[in-house]
Amino acid sequence: MSTPPDPDRSPRLDELFVRYWDDALTDAEAAELERRLTADPADRDWFRLLTLQAVTAAELSAVARAEAAPPPGYWTRRRVLRYLGAGLAASVAAGVVGRRWLPEAAAPPARLALARGEVKVVAQDGTAVRAGEPIRPGAMVSTHGPNSWAMLACPDGTSVALASDSALTLAAAGRWLLLRGNATADVRQPAAGDPLVLATAVATLTGLGGAVATLGHAARATEVGVYRGRVIVSAPSGERLAVLGQGEMLTVGSDGDHHKQSIPTTPDEFAWDLTRPLPAGWQVGRREVAADGPVVRPEFWFDPYHQAEMSQIRSDHQWAKGFFRLYPDSVVRVRYRAEQAGPGQICFCVRTADTRSPDTGMLEYNRGFEATGPGGWRWLEVRAADLLANAHAPKFDPPWVGFLVIFNTYKADLGLKVAEFRVARPGGAGR
Amino acid sequence: MGLEPDSVVQLLLRERLRIVAAAAAIVRDVHAADDLFQQVVLSALEHRSRIRDADHLLAWSLRTARHRAVDLARRKQLRPLSTEVLDLFEADWGDPAGSGGPDREEALRRCVGRLGAPARDLLRMKYFEGLTAVTIAAKLRRTADAVYQSLSRLHRSLRDCVEREQARQPVAGVEGGRP
Numbered sequence: 001m002s003t004p005p006d007p008d009r010s011p012r013l014d015e016l017f018v019r020y021w022d023d024a025l026t027d028a029e030a031a032e033l034e035r036r037l038t039a040d041p042a043d044r045d046w047f048r049l050l051t052l053q054a055v056t057a058a059e060l061s062a063v064a065r066a067e068a069a070p071p072p073g074y075w076t077r078r079r080v081l082r083y084l085g086a087g088l089a090a091s092v093a094a095g096v097v098g099r100r101w102l103p104e105a106a107a108p109p110a111r112l113a114l115a116r117g118e119v120k121v122v123a124q125d126g127t128a129v130r131a132g133e134p135i136r137p138g139a140m141v142s143t144h145g146p147n148s149w150a151m152l153a154c155p156d157g158t159s160v161a162l163a164s165d166s167a168l169t170l171a172a173a174g175r176w177l178l179l180r181g182n183a184t185a186d187v188r189q190p191a192a193g194d195p196l197v198l199a200t201a202v203a204t205l206t207g208l209g210g211a212v213a214t215l216g217h218a219a220r221a222t223e224v225g226v227y228r229g230r231v232i233v234s235a236p237s238g239e240r241l242a243v244l245g246q247g248e249m250l251t252v253g254s255d256g257d258h259h260k261q262s263i264p265t266t267p268d269e270f271a272w273d274l275t276r277p278l279p280a281g282w283q284v285g286r287r288e289v290a291a292d293g294p295v296v297r298p299e300f301w302f303d304p305y306h307q308a309e310m311s312q313i314r315s316d317h318q319w320a321k322g323f324f325r326l327y328p329d330s331v332v333r334v335r336y337r338a339e340q341a342g343p344g345q346i347c348f349c350v351r352t353a354d355t356r357s358p359d360t361g362m363l364e365y366n367r368g369f370e371a372t373g374p375g376g377w378r379w380l381e382v383r384a385a386d387l388l389a390n391a392h393a394p395k396f397d398p399p400w401v402g403f404l405v406i407f408n409t410y411k412a413d414l415g416l417k418v419a420e421f422r423v424a425r426p427g428g429a430g431r
Numbered sequence: 001m002g003l004e005p006d007s008v009v010q011l012l013l014r015e016r017l018r019i020v021a022a023a024a025a026i027v028r029d030v031h032a033a034d035d036l037f038q039q040v041v042l043s044a045l046e047h048r049s050r051i052r053d054a055d056h057l058l059a060w061s062l063r064t065a066r067h068r069a070v071d072l073a074r075r076k077q078l079r080p081l082s083t084e085v086l087d088l089f090e091a092d093w094g095d096p097a098g099s100g101g102p103d104r105e106e107a108l109r110r111c112v113g114r115l116g117a118p119a120r121d122l123l124r125m126k127y128f129e130g131l132t133a134v135t136i137a138a139k140l141r142r143t144a145d146a147v148y149q150s151l152s153r154l155h156r157s158l159r160d161c162v163e164r165e166q167a168r169q170p171v172a173g174v175e176g177g178r179p
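Going down the list, the protein sequences come from chains X and L. Counted from 1, the first sequence has number 136 at position 136 by the working numbering; the numbering is strictly sequential. Counted from 1, the second sequence has number 155 at position 155 by the working numbering; the numbering is strictly sequential.
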């Protein structure tokens with residue numbers, strides 16, 4: 001510790017800290033906290049010790065709770081983590097105890113049957129698992145890049161397809177944890193028991209025998225879609241959230257909120273409704289209401305694909321529902337304002353019309369943004385067919401179902417404001 | 001030549017509290033910070049071929065945890081600390097002396113463990129259950145300001161306790177008496 005705390009320090013920083021933790025600082029208090037943390041290393045040191053107190057208190061509370069009521073019959077993430085690396089569980093203290101998520105089950109070993117693009121299968125000891133070799137508990141399967149995907153197959157014919165930029169870990173035989181991205185399970189009817197359990201940090205799928213289901217997990221939510229059969233969805237606590245039948249989907253938020261609906265048909269025409277707040281799962285970018293109407297502005301965030309902070313707008317992630325269907329003659333129209341011209345792109349992550357297929361691709365507009373005069377707007381209009389000249393263009397026929405929209409001005413803030421985003425087909429109402 | 005998976009895990013485990021605390025200081029949610037730590041471990045395992053050594057791993061992990069925490073805080077619409085302050089904190093957390101070392105962490109655990117039931121309950125509600133002062137106040141039939149004051153006092157008493165523990169027990173791992 002570089003600077004010892006001053007024992008005579010006033011209690012003011014403690015007061016600011018507890019209000020900061022609640023996000024309850026007034027503007028003046030926030031400014032005071034900023035000033036103190038910027039100017040005084042001892043205050044920063046004390047603030048860090050306060051944070052350590054909070055973490056330690058939370059972990060000791062969790063330990064006490066877990067010791068009082070151990071969770072029989074379930075896997076804690078602590079146990080799961082044991083499979084991710086030797087000794088890892090020993091240190092993952094109680095912040096994770098009590099989040100039960102996987103009931104016991106038995107299943108035959110899976111193997112990597114098919115792979116495209118960059119696919120990694122890494123065993124618990126860090127060694128690579130080759131195609132065809134059994135995948136043991138503790139292994140992680142990940143796909144990297146827009147056109148990557150992997151198919152895992154079990155001896156009984158059950159398969160799990162992993163879409164692009166996704167990661168799945170085998171917590172135990174037949175128990176898969178989707179860490180990010182999308183997976184589709186096509187599960188054979190077993191003679192008895194659960195042949196496969198699929199889970200994310202917020203939802204667990206059981207009763208998958210005979211079902212075809214998709215599971216998507218992003219930072220804030222899990223989306224489950226059922227295309228055949230019936231699936232039980234539970235919370236990590238074991239509480240049953242829903243039983244989904246064919247044609248139904250469930251969205252589960254990280255706060256446990258969940259919403260069941262029919263899987264809708266993806267429309268050919270689409271527009272952002274900026275008169276309303278951005279959807280709950282919106283990833284990056286903020287809505288502002290200016291004198292001449294609402295806009296979305298980019299924000300800097302760390303883009304894992306580029307491994308750098310970039311100024312972006314990233315919509316919510318709608319794998320199962322999709323936002324819109326694109327055909328070569330579909331037209332994308334964007335009304336924007338930019339304070340300065342510069343490079344930039346608009347990307348559409350697309351999948352096939354069949355959500356069960358892991359195939360994905362990108363449609364990209366890469367010609368940047370032009371500066372507009374004060375108060376001016378510029379319309380950008382481009383056909384989907386003109387967005388295919390990129391390395392990640394879909395290798396499947398249209399319709400291409402857009403499930404994620406990204407505006408990217410790379411490392412520059414061009415002062416971009418997007419007022420309208422529309423997709424339409426010629427003659428449609430969206431034009 | 002990257003680090004071996006076991007080394008990555010062991011090194012990150014050793015620095016776990018520091019990384020979780022660095023993330024928690026931004027997201028103000030210990031469970032979320034713990035999730036972020038796990039994501040950092042998985043990501044480090046995936047990217048270990050690019051990580052040169054232990055120092056690089058710690059710096060990389062703190063940077064990754066910070067970015068992910070900032071993203072999460074933004075999505076939760078929390079009022080952020082400035083980039084300047086976050087830069088200073090990142091440097092502080094990356095300091096080899098870190099969170100004060102195992103002595104200080106152990107002293108902190110002992111001090112929290114010795115708190116009376118009402119104090120432990122208050123900390124549990126605030127930092128384990130993640131309740132706001134307003135919610136805690138409603139449960140305890142007190143005002144939110146009174147809860148804030150109680151928490152402030154508790155933090156101060158823990159600081160005093162840790163300092164006494166460290167002054168009394170310079171050798172790590174030696175169980176101390178009641179302060």
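Don't read these hints as lab results, they were simulated from the structure. Hints are supplied without guarantee of correctness; some may be wrong.
[Unchecked claim] Stretch-level coverage of chain L by chain X, calculated; a stretch enters the list once three of its residues show a Cβ under 8 Å from a Cβ in chain X:
#, region
1, 54 to 60
2, 64 to 75
3, 110 to 122
4, 136 to 143
5, 154 to 161
All values derive from a computational prediction rather than experimental measurement. No residue lacks a Cβ here, since even glycine has one placed at the ideal position from N, Cα and C.
Going down the list of hints, with the structure as the test:
1. Against chain X, the region 54 to 60 of chain L contributes 0 residues with a C-beta closer than 8 Å to a partner C-beta. That does not satisfy the three-residue criterion, and the hint is violated.
2. Interface restraint, the region 64 to 75 of chain L with chain X: holds (8 residues with C-beta to C-beta distance below 8 Å; minimum three).
3. Counting residues of the region 110 to 122 of chain L whose beta-carbon sits less than 8 Å from any beta-carbon of chain X gives 3, enough to reach three: the coverage restraint holds.
4. Only when three residues or more bring their CB closer than 8 Å to a CB of chain X does the claim for the region 136 to 143 of chain L stand; here the count is 0, and the claim is violated.
5. Counting residues of the region 154 to 161 of chain L whose C-beta sits closer than 8 Å to any C-beta of chain X gives 5, which meets the bar of three, so the coverage hint holds.
Figure legend: structure checked against the earlier numbered hints; hints not met, in rising order: 1 and 4.
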